[in-house]
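K.L.:
Next come the chains, spelled out residue by residue.
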Amino acid sequence: VTPDEAQLLAEIRSALTPLPPSLVNSSHGSDIFEAYILTLVVAAARFEGGTVTYETVNGTAPAQFFFRTSPGHIYSRLHPYTHAIIDFGTRPPLEAHVGILVAGRSHVPHECDVAVLDRAEAEDCRRNRTEPRSTKLTLSVEAKFYTTTLSLNLARAFIGLISDLSTSFPCFVANTTSPSAMRLLAARKDRDWFDQVMAGRPSVDLLRAFFATAFHHYKAR
Amino acid sequence: MTDEELDEVFSYLSALLSDLGLNWLVAQVNEEIQVGRIVTRTFHHGEPEEAEPLYLNTKTTGKTVIGTDPYRPVDRVNLLVSAVRVALADCANLEAAVGQFFSDDSAAPSAGVVISAPDREISGDNEVVIVGGDNHAATAAQRTLPLLDELTRRTAEQ
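Respectively, the protein sequence lines represent chains X and L.
At position 41 of the first sequence (counting the first as 1) the number is 41 in our numbering, and the numbers step up by one without a gap.
Just remember that our numbering sits 1000 ahead of the position in the second sequence, which is counted from 1.
In isolation and in its complexed conformation, chain L is listed as follows (with noise of 0.2 angstroms):
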């Protein structure tokens, strides 16, 4: 795909993921994207040498500095997709670790369910279920990892 064509999956999927209810995930990756990618520049002589990720490196010298990269846009749709692919797995994981948790968990009560419930003078009164019954993350994730599979291997065709 060409960088014109990648940016058109990048807004057509962000729309589409919005559109679902999924603007808190596009939010945040709109956000790393602005930042962009966090770089260490090392400079000898004046002359700055090739930037590299940013490593967990405690050293430091007066020759090395950060700066940022800004995505490309065959980084930018990956970012998406990886962030839908975290959303859907570590949901599926959770909701299973939990309710396995509790199930197994004599002292817990037998419902296996929990339910997450605001303060309503804080902050709303809906309630939703979110480990019990089925685990609908999982049941998602399940039908839309391999299309993301599939979205990834064809902007990886450049």
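Chain X with its partners taken away, still in its complex shape (with noise of 0.2 angstroms):
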């Protein structure tokens, strides 16, 4: 390289020092955008007209937010990890969580990067120590957050995964996106994704309505 680039290069390193957090590992940048799909869930819960509150796994309010670092099991105690309570009034409430294992129908545990819950199948597990099953999921997200076009192999992955899982709601959520994977995804009426999630654009606001439908069904069954 040039004297210029080198510059140039050396002043883009010095400009990225320190990393930030969010950046350190693959798995923060995951972390922050699970987060953000549970605060759609949240706000949809609430369009919907549910209230919403927040408990650790200990059942104590929190005083901070500790999200797992996917995946987990629900009934881990060794952060005071904190879930959303949606209650709808009319239907047994439910727990929205971040990075949990699920029992699929072969009866082998899957990670849902936001799951929502039937409360009494997630209290049964806590005290238990078991993973909730997928038949108690209302909906269940897979998340992906990825700084290039979507590898093929992650469009697969969902693919096999929901065809394990229960939930009436899965859905596949990108921050990019990838043509060909939206191909795959697309081939089939009964698989809801999202790409280019990201807050502020439009895409965000097509979720946070799936999520709606969600509690919508809910609340009618």
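Just to be clear, a hint being listed does not mean it is correct.
[Said to hold, decoys possible] On the chain L side, residues computed to face chain X include the following (Cβ under 7 angstroms):
1) Y1012
2) A1015
3) V1026
4) Y1071
5) V1074
6) C1091
7) N1093
8) L1094
9) V1128
10) I1130
11) H1136
12) R1143
13) L1151
Derived from the structure by calculation, the hints contain no laboratory data.
The C-beta atom is built at its ideal place from N, Cα and C for all residues, glycine as well.
Both chains are given apart, each in its own frame, so use the hints to dock them into the complex.
P.N.:
Okay, here's the thing in structure tokens:
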């Protein structure tokens, strides 16, 4: 490289130092993305008339938010992990979690990046140290925070995942996109997917509406 | 810049980013480069037509097939720069949005801090504050994005 280019690259290095905590490894970016999706779930629940409160895994009011660096057990008390409680009044309450393991139809654990499930099931699982059953999920989100075009493998993995989950509202959410991955997901109507999801972009409205639809159906059941 | 110079910039920037701890980002870019750009090719009478990037078109004909084209040196540098740009800008946006949501939420704890903490049994025990206090990603983005713009401008001068 020329001295000018070397100087520019040195300036880039200096500008990126210290590296922001959210960029220290790939999972940290994913963790914020999952926390962001949880805020959309909470907003959709309120839009549908739900009351939302927060609780730690120990049943206490949280002093600050602790979310799991995926994946984790719903019953883990290593940290005061926080979840949201969603109550529509007329139906049993729900809980919204970040990064929990869920038991699929084949009785193997799968990670749900964001999950909404029956509170009664969540309480049983915390008591018995078991993973929640996917039949008790109202919605589940496979979240992908990427800096490049999405790999086709991610879409394939999602298709495999939802074949073993019993949730009515599974969806694939990514901050970037990929024509080939989206083409694969679009090939069947039962695969809900949202690409280029980022604060301030129109795709967020579509995702929030999807979550609201899931809650609307739950209330009507 | 010549292709050789662009390759050198790519190697230098990859090494710099890996050294800073962004090796996960470099790996994502290398994965995309390894696959190549997915393109469709339409054949008529056995002759290939000009390849086009794959579009979201569910129509299929017996004459259309897909393949990949390798990324050129300038594309590889642009992919790397774009990845840094996305990482910085998206993390800054997300930190701001999550922080704002919880600070506006009367049911949320007043601390407004979001900590990511692994389940030690599965994924280690290092917890990290991802939201709260200063938006570090926004600060880094503010410093870095103009420099990336300058690098993009120079690599375009071929």
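K.L.:
Each hint: holds or not?
P.N.:
Results for each hint:
For L:Y1012, the interface hint holds, since its Cβ comes within 7 angstroms of a Cβ in chain X; the closest pair sits about 6 angstroms apart. Contact between L:A1015 and chain X, as hinted, is not supported at the beta carbon level, the nearest pair being about 10 angstroms apart and thus beyond 7 angstroms. A least Cβ separation of about 10 angstroms between L:V1026 and chain X goes past the 7 angstroms threshold, and the interface hint is therefore violated. Given the 7 angstroms rule on beta carbons, the hint for L:Y1071 is violated: about 11 angstroms separates it from the nearest Cβ of chain X.
The closest approach between the C-beta of L:V1074 and any C-beta of chain X is roughly 14 angstroms, which is over the 7 angstroms cut-off, so the hint fails. At about 4 angstroms, the closest approach between the beta carbon of L:C1091 and any beta carbon in chain X falls short of 7 angstroms, and the interface hint on this residue holds. Satisfaction of the interface hint for L:N1093 is found here, the shortest Cβ-Cβ separation to chain X being roughly 5 angstroms, below the 7 angstroms cut-off. Taking 7 angstroms as the C-beta contact cut-off toward chain X, the hint placing L:L1094 at the interface holds, the least distance being around 4 angstroms.
Checking L:V1128 against chain X by beta carbon gives a least distance of about 5 angstroms; that is within 7 angstroms, so the hint holds. With its C-beta approaching chain X no nearer than about 5 angstroms, L:I1130 sits inside the 7 angstroms limit, and its interface hint holds. The beta carbon of L:H1136 comes within 4 angstroms of a beta carbon in chain X, closer than 7 angstroms, and the hint placing it at the interface holds. Interface restraint check: L:R1143 against chain X, minimum CB-CB distance 4 angstroms, threshold 7 angstroms, status holds.
Hint status for L:L1151 relative to chain X: holds, with the closest Cβ pair at about 6 angstroms, below 7 angstroms.
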